[in-house]
Amino acid sequence: MGVSRFAPLLVVALLAGCGTTPPPAPTPTPPPSPTYGPPPPSGLSLSVGQVEAGLGHRASVLTLTNLDTVPRKVTGYPDLKILAGDGEPLDVKVLHETSYFAPNPGPQDLTLQPGEKALSVLAWSATVTSGDKHTGAAISVVPIPGEPAQKQPLETDLGTTDSVKLSAWASKIGN
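All letters in the sequence shown, in the order written, are residues -25 to -1, 1 to 150 by mature numbering (1 follows the signal peptide of the UniProt record, and there is no 0).
Do not rely on the hints blindly, as some may be mistaken.
[Claimed, not checked] Keeping only pairs whose Cα atoms sit at most 30 Å apart, straight-line, the calculated DSSO-like set for lysine-lysine is:
1. K56 with K68
2. K68 with K108
3. K108 with K126
4. K126 with K56
5. K147 with K68
6. K68 with K92
7. K108 with K56
8. K126 with K48
9. K126 with K147
10. K48 with K92
11. K92 with K126
12. K48 with K68
13. K147 with K92
14. K56 with K147
Hint data in this document are derived by calculation from the structure and do not stem from the laboratory.
Please model the complete structure; the sequences and the hints are all you need to start from.
Right, dumping it as structure tokens:
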């Protein structure tokens, strides 16, 4: 008998909630991300390999392809910067030396015939000691002096090391 006395109140309470719909939750607008254009139709084209990992170390092979119809000279090291998610350069030291993944052949003169490639290994450690961890979202590479910078997405979990190792351009990796 007590149930019938509360039934009208229950119906009124249910109807009160049905008459209004809550406003939609605001949708956050993500910050614009930098765009990375397609490779140039001619010239030197940069591509970035998959990140390989081992024992806290990471590496990616940078491949430079001659898309021109004439031979191109490539020498030394790529001019590389690690970029934050907003496209701004991070304060990261680029060391020209052998890494856990690949030896550094040192600067050498290469002549890339049309379609030929040169390789460089970008390596880093994800070691965390003290301080803030840093992560890059992309890289900017000037393959040889005088060429425009080419940007490619590449996540680099630098830990707290704030440095990367970069080998010189070479026709092959290793011996």
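Consistency of the hints with the structure:
no.	hint	result
1	K56 with K68	9 Å, holds
2	K68 with K108	15 Å, holds
3	K108 with K126	23 Å, holds
4	K126 with K56	9 Å, holds
5	K147 with K68	25 Å, holds
6	K68 with K92	26 Å, holds
7	K108 with K56	17 Å, holds
8	K126 with K48	21 Å, holds
9	K126 with K147	23 Å, holds
10	K48 with K92	11 Å, holds
11	K92 with K126	18 Å, holds
12	K48 with K68	26 Å, holds
13	K147 with K92	9 Å, holds
14	K56 with K147	23 Å, holds
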